[in-house]
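S.K.: Spelled out from the first residue to the last, the chains are:
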Amino acid sequence: MNTQEPMEKIAVKTWFKAAPAEKFPKNAGACIKYKDQQIAVFNFARENKWYACQNLCPHKMEMVLSRGMIGEENGEPKVACPLHKNTFSLKTGESLTGACDAITTFPVKVEDGFVWVGFTD
Amino acid sequence: MKTIVVVGNGMVGYKFCEKFVAQANKDSYQLVVFGEEPRVAYDRVHLSEYFEDGDAERLSLAPKTWYSDHGIQLHIDERVTEINRNAKTIGTSKGTQYAYDTLVMATGSAPFVPPIRGVEKKGVFVYRTIEDLEETLIYAEKIKGGKAAILGGGLLGLEAAKAVMDMGLEPHVVEFAPKLMPRQLDTRSSKVLQGKLESMGINIHLSKATNQILGNGCITGMEFGEDDILDVDMLVVSAGIRPRDELGKSCGLEMGTRGGIVVNNQMRTSDPHILAIGEVALYNQMIYGLVAPGYEMAQVAVDQIIGETGTRMAAEIDMSTKLKLIGVDVASFGTPFMPAERGHSIIFENKTESLYKRINVTHDGKKLLGGILVGDASDYNMLLQLYQNEMPLPENPEDLILGSRAGGASAFGSAMDLPDTAVVCSCEAVTKGAICCSVLEDGNESVKAVSKATKATTGCGGCKPMVVDLVTESLKSLGKTVKVQLCEHFEYSRQELFDIVKLKGIDDYDKLLDLVGKGHGCEVCKPAVAAIFASIYNETANRQPAIQDTNDRYLANIQRNGTYSVVPRVAGGEITPKQLMAMGRIAQKYDLYTKITGGQRIDMFGAQLHELPLIWEELIAEGFETGQAYGKSLRTVKSCVGSTWCRYGMDESVSFAVEIEHRYKGIRSPHKFKGGVSGCIRECAEARCKDFGFIAVEGGWNVYVAGNGGANPKHAELLAEKVDKETAIKYIDRYIMYYIKTAQPLTRTAAWLEKLEGGITYLQNVVINDSLGIAAELDAEMQALVDSYKCEWKEAIETPEIRARYAHFVNSDETDDSIEFVSLREQKMPKEWA
Ligand code: SRM
Ligand SMILES: Cc1cc2nc3c(=O)[nH]c(=O)nc-3n(C[C@H](O)[C@H](O)[C@H](O)COP(=O)(O)OP(=O)(O)OC[C@H]3O[C@@H](n4cnc5c(N)ncnc54)[C@H](O)[C@@H]3O)c2cc1C
Ligand code: SF4
Ligand code: FES
Chain A
0 MNTQEPMEKI AVKTWFKAAP AEKFPKNAGA CIKYKDQQIA VFNFARENKW YACQNLCPHK
60 MEMVLSRGMI GEENGEPKVA CPLHKNTFSL KTGESLTGAC DAITTFPVKV EDGFVWVGFT
120 D
Chain B
0 MKTIVVVGNG MVGYKFCEKF VAQANKDSYQ LVVFGEEPRV AYDRVHLSEY FEDGDAERLS
60 LAPKTWYSDH GIQLHIDERV TEINRNAKTI GTSKGTQYAY DTLVMATGSA PFVPPIRGVE
120 KKGVFVYRTI EDLEETLIYA EKIKGGKAAI LGGGLLGLEA AKAVMDMGLE PHVVEFAPKL
180 MPRQLDTRSS KVLQGKLESM GINIHLSKAT NQILGNGCIT GMEFGEDDIL DVDMLVVSAG
240 IRPRDELGKS CGLEMGTRGG IVVNNQMRTS DPHILAIGEV ALYNQMIYGL VAPGYEMAQV
300 AVDQIIGETG TRMAAEIDMS TKLKLIGVDV ASFGTPFMPA ERGHSIIFEN KTESLYKRIN
360 VTHDGKKLLG GILVGDASDY NMLLQLYQNE MPLPENPEDL ILGSRAGGAS AFGSAMDLPD
420 TAVVCSCEAV TKGAICCSVL EDGNESVKAV SKATKATTGC GGCKPMVVDL VTESLKSLGK
480 TVKVQLCEHF EYSRQELFDI VKLKGIDDYD KLLDLVGKGH GCEVCKPAVA AIFASIYNET
540 ANRQPAIQDT NDRYLANIQR NGTYSVVPRV AGGEITPKQL MAMGRIAQKY DLYTKITGGQ
600 RIDMFGAQLH ELPLIWEELI AEGFETGQAY GKSLRTVKSC VGSTWCRYGM DESVSFAVEI
660 EHRYKGIRSP HKFKGGVSGC IRECAEARCK DFGFIAVEGG WNVYVAGNGG ANPKHAELLA
720 EKVDKETAIK YIDRYIMYYI KTAQPLTRTA AWLEKLEGGI TYLQNVVIND SLGIAAELDA
780 EMQALVDSYK CEWKEAIETP EIRARYAHFV NSDETDDSIE FVSLREQKMP KEWA
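Going down the list, the sequences are from chains A and B.
First residue of the first sequence: 0, per numbering that gives the first Met the number 0; consecutive thereafter.
First residue of the second sequence: 0, per numbering that gives the first Met the number 0; consecutive thereafter.
It should be emphasised that the hints constitute simulated quantities derived from the structure, not laboratory data.
None of the values given here were measured: they were computed from a predicted structure.
Incorrect hints may have been included.
[What the hints assert, rightly or not] Below, simulated EDC-like cross-link-like pairs (lysine to aspartate or glutamate); rule was C-alpha separation at most 16 Å, straight line:
id, chain 1, residue 1, chain 2, residue 2
1, B, K121, B, E133
2, B, K713, B, D723
3, A, K59, B, D52
4, B, K517, A, E72
5, B, K789, B, E624
6, B, K1, B, D100
7, B, K121, B, E140
8, B, K517, B, E487
9, B, K479, B, E440
10, A, K84, B, D52
11, A, K84, B, E56
12, A, K34, B, D812
13, B, K63, A, D100
14, B, K366, B, E389
15, A, K25, B, E487
16, B, K517, A, E75
Kindly produce the complete structure, drawing on both the sequences and the hints.
M.R.: So this is what it looks like as structure tokens:
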């Protein structure tokens, strides 16, 4: 349930119109609510790229990833959990520090100034 | 395709897998692993660390996915119950059968529990698995404040003693032999260690044979002989190990008379299709209770199976050990005690300092045969190398333990003097040659790259200082300057980056990255650069939130459940009743858990993100300001009541503490820093445990620097004596500013001063005698920081854009409903982690 295919292969069924792009902090994350899910959305403004993943950190099951610092390791975009600094790839969801389960990532697009997150349900 | 079945997913079983998938033939085999424990292999050596954070996952040697990623079939929570050697199959506790071509037994060992009457009572535990620890912890919670005995004063027993002490129990070590660590220590060193342990609060009972365990259902005591009883509420048995050889026995493999599956130097048992490795294998008539020989066995087994049959287990196994975790250095190597006919011993003992060092050398004084270190084992690595490589000793071998008294050079020379064959990392068996070669020939130019390539330092980590030296020296020999590089995005040390920022006047992270960095940054360089900006421009964390560490970004410390704490400044610990009431009212209104901190102020816990601005708005209206409990900045200046009230006080320590706390508040630095002011040498404010401290004495203030509590406690050093207040402040201004400009990120002042060449004398020269000619500059820079202070929480609540950051969702006004609290002594606390 936690791992998933690389983003491109995902069959998006619903594009959820989350919020205006300017509501998201630059080069950092914010949390959105979709149904009863919490999704972390990251605005890599330097590269003009967006990523999204579950807000839940699989390490201690806390809703915190959106408040983590983002960055890049050998070109791989990542988020560092604010609680214990475990890092996760925002492309594959894989745990880069190695000790955790992978997280679920979601595709993101920006259209008409809005951020949209893709879901399979 | 051939099938290899590995029985046991412990440390050595895992190492076998790791070594197996690292070789070329892996695709012609299918690995199937069975582990009886409910979790994947973890680092048993660091088991006690589980007490620190209860985080079992952190101990994992590799995540579950690692096995599947490498095509290994892993069955955990499944015990192998039988071996049918004729059919070459095994059966498991889940009732399934598997066929094997080669079987590898890595079942480890179990704690030996002596058959003492009553040992089955409740409250008696062993110390081997995470489950053991969990049970022990639950029981310890029940008998809070009670007494716990540890049966066995060996390596593991002492580690367990420290652990039960950390659980809040009173530890009692009960040892049968007349000395501690009987296998490693002589009587004198045992006495020194005993004194040290007792001073730490660990009680030692030697020469005690336990007759029975007392109690009706639950343990209440231990009886050693008539009228010799020790009342205890819990017992941890640590009396040695027994190999888990039951499978070997039942399928008829050749066994040792006292257990263990007999193996030869190819790790083969009496059945050519079965190998045994780790603590179940009896090699040289011995079970080695250490990981390093187990890892070596894993390598031999892998090579044997893939047909590189030349690899053999070394004939002699090194049993040198260093005790970890207990808060006192203990190590022994080679032959620790030795009959006089083989050589002579040089012994240095200093009881007042709990120091004991012994080396055994050959009669001609040329070779080292072994030794013991208690109290200070910092030279262990070098001594071990001298011993293992039979290297020539200095002219006066006593220099090895007394230090070279002629001054100058150390008696050891450098790590580069070791022969290439010297094993530097014994966990992974990496030689000096391999480490240097990795730098010189394979182009690995940092310790990180070298440890990734060679695996050195990835085991117990004890060899790290030596590896750092070797990498540094090898790089130097290539004519490369060794860079302490911030991270992959900046090829500069913090100090260099500090100068660049200052010189070029850069005040924006992205600009700095574009100009002198590469890539897009990470969680290491962002906060480090943020701290540099803060130290140079005194900008608050509000201006560039995205590069701040989470705590700084939200101006609050994140707690275990994602809520935050609120800590207003209470300078010097002085607070008016009115302020106390205001704080109480606000905490009650927002239902915050309140606690007096170790820093003499009040912490209010459990605020949700959206509540932070509301709470701070009320606090600020009552005259409070941020306490920066979240920042790498000044925390508190602890004070004692001083001459204001105290009959011994020599000066007004509270007034001084309040003044100095207001002077340095808000200043960001490489790590947090703390101060203390005591009114007399009784030192009730613990000023000598702080980054800076003042103690009032007859005729002025003594000024101390670079003390530390925390993980590596260190008493502060005396910078100046009997100076007046103004001078004291001037010196500390310069010292802090100099520290801010030159320290590596996240280095406290104590660690910084330790690394500073010339130490305290050098610092005195810079700060007092202005030897670098920078005193005026430091003074001005510090004054500029002091003058530009503003409360960043005030700024946050007054600026709508900043306030808007405190919302849980960007697309909804709802708040986080996943947070759950439970009640605790009329307050609340986070719900346990699952
Ligand atoms: C609240 C408090 C414990 C308490 O309930 O008393 C505390 C709590 C934390 N300490 Fe502490 N320390 C507290 C006093 C201390 C003291 C005692 C003192 O200051 O006199 C020490 C030892 C003295 C020293 O620092 O030299 C102390 C040594 C540490 C260390 C180890 C530092 C070291 O150099 O080894 C850390 C870890 C770190 O900073 O990297 C730490 C880190 C932490 C953190 C920030 C861990 C974290 O990142 O979540 C804790 C969160 C605080 C919060 O959420 O507000 N805390 N911590 C104390 C707050 C004091 C205050 O008013 O600000
Ligand atoms: C608290 C503590 C501290 C230590 N400190 C140090 C130290 O500082 N330095 C050092 O060198 N060593 C230390 N050790 C020793 C070190 O942990 C061991 O040498 C090492 O774990 C041995 O590895 P192993 O794989 O042989 O056995 P283990 O790690 O015990 O693994 C064996 C595994 O096999 C499983 N198993 C057994 N029978 C079966 C079966 N029939 N079917 C399936 N699975 C089975 C067991 O459940 C276990 O998980 C310490 C040990 C402890 C407990
Ligand atoms: S408050 Fe300090 S000592 Fe206590 S658990 Fe947190 S970091 Fe550790
Ligand atoms: S909760 Fe995320 S790393 Fe620990």
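S.K.: If you test the structure against every hint from before, which numbers come out violated?
M.R.: 2, 15
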